Amino acid sequence: MRPAALPWLVVVAAGCAAQPPPMPAPVAPAPSPSVPAAVSSAPDPLGPRPEPPAPAPFIPPSPSVSTAANGISVWLLERHEVPIVSCDITVPVGASSDPKGKAGLAHATARMLEEGAGKRGAIDLAKAIDDLGAHLTTDANADASFVSVTVLKRNLGPAFALLADVVARPRFEAAEYKRLTDIWHNELLERQKDPDATARVVYRVALFGTDHPYGHPWDGTLQSAKAITLEDVRRFYAAAWRPDRAILVCAGDVTAVELAPIVGSAFASWKAPATPAPPPVDPPAPKGPWPKLVLVDRPDAPQAVIAVLRPGVSASDLREPALSRVNGAIGGSFTSRLNQDLREQHGYTYGARSRFSVSRGPGQVVSWANVVTDKTGDALDAMLGDLRKFADGGMTDVEVDRTRSQARAELVSVYESVEGIAGHLAADASLGLPPDWEARAGARRDAAPKTELDALAKEFYSPDGAIVVVVGPRPVVQPMLDRLKMPPPEIRDPEGNVVK
Amino acid sequence: MRRSAASLVCLVSFISAAALFAPHVAFGQDLQIPFTKTTLSNGLVVILSADHAVPQVAVNVSYDVGSRMERVGRTGFAHLFEHLMFMGTRLAPTGAYDAWMEAAGGRNNAWTAEDRTDYFDIAPSTALPLLLWLEADRMRNLGPLVDQEKLNLQRDVVRNERRQSIENRPYGVEELELPRLVWPEGHPYHHPVIGSHEDLEAASVGDVKDFFATWYDPANASLVVAGDFDPDTTRAALDRWFGSIPSRGKPADPGAPGFSDETTTLRGVVRATVQDSVELAKLTLAWQSPRHFAPCDAELDLISSVLAHGKESRLYKALVYDQKIAQDVFAEQESHVLGSNFVAGALVRPGIDLARVEKALFDELAKLRDQAASSEELDRARNGYETEFVDRLQVVAERASLLNMYEAERGDPGYAAHDLDRYRHATAAQVLACAKKVLLPDAVVVLTTMPKKKGGSGK
Numbered sequence: 253m254r255p256a257a258l259p260w261l262v263v264v265a266a267g268c269a270a271q272p273p274p275m276p277a278p279v280a281p282a283p284s285p286s287v288p289a290a291v292s293s294a295p296d297p298l299g300p301r302p303e304p305p306a307p308a309p310f311i312p313p314s315p316s317v318s319t320a321a322n323g324i325s326v327w328l329l330e331r332h333e334v335p336i337v338s339c340d341i342t343v344p345v346g347a348s349s350d351p352k353g354k355a356g357l358a359h360a361t362a363r364m365l366e367e368g369a370g371k372r373g374a375i376d377l378a379k380a381i382d383d384l385g386a387h388l389t390t391d392a393n394a395d396a397s398f399v400s401v402t403v404l405k406r407n408l409g410p411a412f413a414l415l416a417d418v419v420a421r422p423r424f425e426a427a428e429y430k431r432l433t434d435i436w437h438n439e440l441l442e443r444q445k446d447p448d449a450t451a452r453v454v455y456r457v458a459l460f461g462t463d464h465p466y467g468h469p470w471d472g473t474l475q476s477a478k479a480i481t482l483e484d485v486r487r488f489y490a491a492a493w494r495p496d497r498a499i500l501v502c503a504g505d506v507t508a509v510e511l512a513p514i515v516g517s518a519f520a521s522w523k524a525p526a527t528p529a530p531p532p533v534d535p536p537a538p539k540g541p542w543p544k545l546v547l548v549d550r551p552d553a554p555q556a557v558i559a560v561l562r563p564g565v566s567a568s569d570l571r572e573p574a575l576s577r578v579n580g581a582i583g584g585s586f587t588s589r590l591n592q593d594l595r596e597q598h599g600y601t602y603g604a605r606s607r608f609s610v611s612r613g614p615g616q617v618v619s620w621a622n623v624v625t626d627k628t629g630d631a632l633d634a635m636l637g638d639l640r641k642f643a644d645g646g647m648t649d650v651e652v653d654r655t656r657s658q659a660r661a662e663l664v665s666v667y668e669s670v671e672g673i674a675g676h677l678a679a680d681a682s683l684g685l686p687p688d689w690e691a692r693a694g695a696r697r698d699a700a701p702k703t704e705l706d707a708l709a710k711e712f713y714s715p716d717g718a719i720v721v722v723v724g725p726r727p728v729v730q731p732m733l734d735r736l737k738m739p740p741p742e743i744r745d746p747e748g749n750v751v752k
Numbered sequence: 526m527r528r529s530a531a532s533l534v535c536l537v538s539f540i541s542a543a544a545l546f547a548p549h550v551a552f553g554q555d556l557q558i559p560f561t562k563t564t565l566s567n568g569l570v571v572i573l574s575a576d577h578a579v580p581q582v583a584v585n586v587s588y589d590v591g592s593r594m595e596r597v598g599r600t601g602f603a604h605l606f607e608h609l610m611f612m613g614t615r616l617a618p619t620g621a622y623d624a625w626m627e628a629a630g631g632r633n634n635a636w637t638a639e640d641r642t643d644y645f646d647i648a649p650s651t652a653l654p655l656l657l658w659l660e661a662d663r664m665r666n667l668g669p670l671v672d673q674e675k676l677n678l679q680r681d682v683v684r685n686e687r688r689q690s691i692e693n694r695p696y697g698v699e700e701l702e703l704p705r706l707v708w709p710e711g712h713p714y715h716h717p718v719i720g721s722h723e724d725l726e727a728a729s730v731g732d733v734k735d736f737f738a739t740w741y742d743p744a745n746a747s748l749v750v751a752g753d754f755d756p757d758t759t760r761a762a763l764d765r766w767f768g769s770i771p772s773r774g775k776p777a778d779p780g781a782p783g784f785s786d787e788t789t790t791l792r793g794v795v796r797a798t799v800q801d802s803v804e805l806a807k808l809t810l811a812w813q814s815p816r817h818f819a820p821c822d823a824e825l826d827l828i829s830s831v832l833a834h835g836k837e838s839r840l841y842k843a844l845v846y847d848q849k850i851a852q853d854v855f856a857e858q859e860s861h862v863l864g865s866n867f868v869a870g871a872l873v874r875p876g877i878d879l880a881r882v883e884k885a886l887f888d889e890l891a892k893l894r895d896q897a898a899s900s901e902e903l904d905r906a907r908n909g910y911e912t913e914f915v916d917r918l919q920v921v922a923e924r925a926s927l928l929n930m931y932e933a934e935r936g937d938p939g940y941a942a943h944d945l946d947r948y949r950h951a952t953a954a955q956v957l958a959c960a961k962k963v964l965l966p967d968a969v970v971v972l973t974t975m976p977k978k979k980g981g982s983g984k
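Keeping their order, the protein sequence lines are chains A and B.
Letter by letter, the first sequence follows residues 253 to 752 in my numbering.
Letter by letter, the second sequence follows residues 526 to 984 in my numbering.
FYI, nobody ran anything at the bench for these hints, they're computed from the structure.
A portion of the hints provided could be inaccurate.
As the list claims (entries may be wrong) - Here are the simulated DSSO-like cross-link-like pairs (lysine-lysine), alpha carbons at most 27 Å apart as the crow flies:
hint	chain 1	residue 1	chain 2	residue 2
1	A	Lys710	A	Lys737
2	B	Lys849	B	Lys977
3	A	Lys478	B	Lys836
4	A	Lys430	B	Lys849
5	A	Lys752	B	Lys978
6	B	Lys884	B	Lys978
7	B	Lys978	A	Lys478
8	A	Lys371	B	Lys849
9	A	Lys544	A	Lys352
10	A	Lys379	B	Lys961
11	A	Lys737	A	Lys752
12	A	Lys379	B	Lys836
13	B	Lys884	B	Lys836
14	A	Lys379	B	Lys977
15	B	Lys849	A	Lys478
16	B	Lys962	B	Lys884
17	A	Lys354	A	Lys539
18	A	Lys371	B	Lys842
19	B	Lys849	A	Lys379
20	B	Lys977	A	Lys752
21	B	Lys849	A	Lys354
22	B	Lys884	A	Lys379
23	B	Lys842	B	Lys962
Please read all numbers here as calculations on a predicted model, not as lab measurements.
Let the sequences and hints guide you as you build the complete structure.
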């Protein structure tokens, strides 16, 4: 069985929603309403409440770095508790490199990698991976492409050889591409029926605009997907996947001495072209104009998605680590202000959250909730009020301390599993961050003073000039939006197109 | 295809990694998550499992109560009650449970299923005394302090959970329909865990107090501490804080009188159709199947992989890859304590006749009943389970959860090795016999989700 039935989770808070991998790095936070002091009446056999010290700072270990014979950089972090290994290989080319009119090309290319590679067709390749009990995935996000494998140590050699086939020897057969595009088209149709996926499509176009490298969904649109040919995929692959652009990250029960020959033989014939690789796309900050109100009609929906959206930071911005604590306070965990207010005070929603994207160029900061339709206006009022108070007043001392403790604990959790480690490090590598970034970022996050946190709250969470997005039944929710005193709503369809 | 993240079922070891290296052995032998188990004088089972890989600790408290214990007219109550367990006591007023735990760098969550309700906390090692103190406080004190205001608030939250997770999510509607189609009236699995809006509205403060007094008894619970902690001081704290919680004794399990998981109550092909806001039609076939850990339960897990895990799996290869009539396929043994259900099905591509897809599904199932699966297929399935299991062992909260699952369902936290033996020793002949016995063509639910007619989207 699997988790029998539906575990009905009490909490939604932190990181539930399915997201493209290296996006959010929300940390935990804390509530604003100060907790009432316990009423002491009759003595209780429990005695006084234990008051734990703050958790000790956690300095994550950094990977060792080497270069394989054909030029691939290799990051390795050994972990020998459990006999399992996870490896991610990444190149710094993703959806921000999709050509105009071909949104989804990086996505299609990533998917085609595993539709047959080396001497195996699509079915035989899948069979070979599953025979080893291995888990192999391919993916593209805003800034990079990835191939990842997780496997028991005893099967690492053959599983790695399959990963190398996928990376260096994809077959790109026409019949498989036709099959994939049919499936992809249907997925894009299905996406329109999912309110959260629809909201994410609209965030992109509303904040960045369709001419910006981040202004489209990574998985494309119905129109752009149709325009992409297998020849486009081949060209994109040739430009993106070259050993001199690749970084391999492995974590788990393998030593450098064991790994080197595995990598060497699997990638022996993968050579970089003579021409130097261009630098990665470095998207500029979005320009507006804002504020803006965007409404997507979702007929008869029992809930509306409400969201407040602002431009964020680049991953390499030195303020980025501290921003995760600020995000934690307003919307990163159960006791964050948004969740406490919209859920625990008012019952408008099952959970309200915020997150910011971690990307090469300035990304986005979004606060959102799925709220019962007839409270859409009230819930938006509450969300905007919480954001305003946060931006104007900054963090409480309780929040400053709590988010530090939560950030420390969260970092520990990342380092519990080999997938967590390899995934985190590969995301860093794909963004051009150094191998010891996690330790450096952790120290900055830990040390950020209240003045810095307050300044970040003001800059990145103020509702002034923000974009408000609502996905819900238009006839019901539009009248509730009048009181926001925003410009008249821009109506968009679930693909992000403006509806006249 | 795509198996859902983790299969709760296969669990196992940590310590004797050596066995895992044996080549070509699907599952290592003698695998154990190390633990000690004691029972306090009030009946609370306490399981400790220390290791110090990371400075983190997990507490898992499982109560033997789920949606199958709900009375008529109160569907969804066990889950609603789970929410109320966070609403505070005299010592930890409303909001304090989460605020104090998060202030210490901890986090928590809980889930409710048909058979069980499970609460878990994860925190830096230094916060363990606080976690235990908070859990003991609510186990001892919470029920009588629930009032109308707390109930009203969490009822609103839960109704929004229902809207978000089911009503406003593609293919959510069928989850509400399947239980009543698969299980007969009067069976405790006849209704969905989330319950109905009407029943949630009907819940009263009196219901809450009764439910707490009946089911949230220390004798009806087991508690695991796993991770980085000192067993001696922790045992002393457990004795002090939990040992004196009064017990009325373990409540009787109502079971499913008159029903057996050995004999299906389904007669013929039971057809139903629901409308949902989706793009593609979906066909779901569902059977009653043997309970968790009964003969055929593990075999049906293996069958689910053979059918729908990976592009090479039978349903995917036939319906998606070759015939191109399905967008995706799925198969799963959903194991429960009183009896399970096995589901399999497909998302139908636009313009394809549903009857054709249904026939293709039934044809593949007939092949499973007619001829044994190959050893390649079964080894592949076993290897997938093994990796998933080892993967889970890395995470302290997962180890805590596994120990409590085995305690709750087998009375033995160390059951992991026995569990894995089921997969390791399952023969092709047994798998065939189970397919013949369970996946009957004439005792099956066929549930169709049809796209609602287009609304005025975007107009």
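Do the hints match the structure? See the list:
A hinted pair counts as satisfied when its Cα atoms are at most 27 Å apart, and Lys710 (chain A) with Lys737 (chain A) qualifies at roughly 21 Å. Note on Lys849 (chain B) and Lys977 (chain B): the hinted pairing holds, with a Cα-Cα distance of about 23 Å set against a maximum of 27 Å. Simply put, Lys478 (chain A) and Lys836 (chain B) have alpha-carbon atoms about 24 Å apart, close enough for the 27 Å limit, and the pair holds. Distance check on the hinted pair: Lys430 (chain A) and Lys849 (chain B) sit about 11 Å apart at the alpha-carbon level, within 27 Å; holds.
For the given pair, Lys752 (chain A) sits about 23 Å from Lys978 (chain B) by alpha-carbon distance, which is consistent with the 27 Å threshold. Between Lys884 (chain B) and Lys978 (chain B), the direct Cα distance comes to roughly 25 Å. Compliance with the 27 Å bound is thereby established for this hinted pair. Note on Lys978 (chain B) and Lys478 (chain A): the hinted pairing holds, with a Cα-Cα distance of about 25 Å set against a maximum of 27 Å. Distance hint between Lys371 (chain A) and Lys849 (chain B) is fulfilled; the C-alpha atoms sit about 24 Å from each other, no more than 27 Å.
Taken as a hint, the Lys544 (chain A) and Lys352 (chain A) pair is honoured in the structure, with Cα atoms around 25 Å apart against an allowance of 27 Å. Restraint check for Lys379 (chain A) and Lys961 (chain B): the C-alpha separation of about 26 Å stays at or below 27 Å, so the hint holds. Taken as a hint, the Lys737 (chain A) and Lys752 (chain A) pair is honoured in the structure, with Cα atoms around 22 Å apart against an allowance of 27 Å. Under the criterion of a C-alpha separation no larger than 27 Å, the hint pairing Lys379 (chain A) with Lys836 (chain B) is consistent with the structure, at around 8 Å.
With a CA separation close to 20 Å, the supplied pair Lys884 (chain B) and Lys836 (chain B) stays within the 27 Å bound. A distance of roughly 37 Å separates the Cα atoms of Lys379 (chain A) and Lys977 (chain B); the hinted pair therefore is violated under the 27 Å criterion. Between Lys849 (chain B) and Lys478 (chain A), the direct Cα distance comes to roughly 19 Å. Compliance with the 27 Å bound is thereby established for this hinted pair. For the given pair, Lys962 (chain B) sits about 20 Å from Lys884 (chain B) by alpha-carbon distance, which is consistent with the 27 Å threshold.
Distance hint between Lys354 (chain A) and Lys539 (chain A) is fulfilled; the C-alpha atoms sit about 22 Å from each other, no more than 27 Å. For a cut-off of 27 Å, the pair hint linking Lys371 (chain A) to Lys842 (chain B) stands: about 19 Å separates their Cα positions. Under the criterion of a C-alpha separation no larger than 27 Å, the hint pairing Lys849 (chain B) with Lys379 (chain A) is consistent with the structure, at around 19 Å. This hinted pair checks out: Lys977 (chain B) and Lys752 (chain A) have alpha carbons roughly 25 Å apart, not beyond 27 Å.
Only pairs whose Cα atoms come within 27 Å are accepted, and Lys849 (chain B) paired with Lys354 (chain A) is accepted, the gap being roughly 25 Å. The hinted pair formed by Lys884 (chain B) and Lys379 (chain A) meets the criterion: a straight-line CA distance of about 25 Å does not exceed 27 Å. Restraint check for Lys842 (chain B) and Lys962 (chain B): the C-alpha separation of about 25 Å stays at or below 27 Å, so the hint holds.
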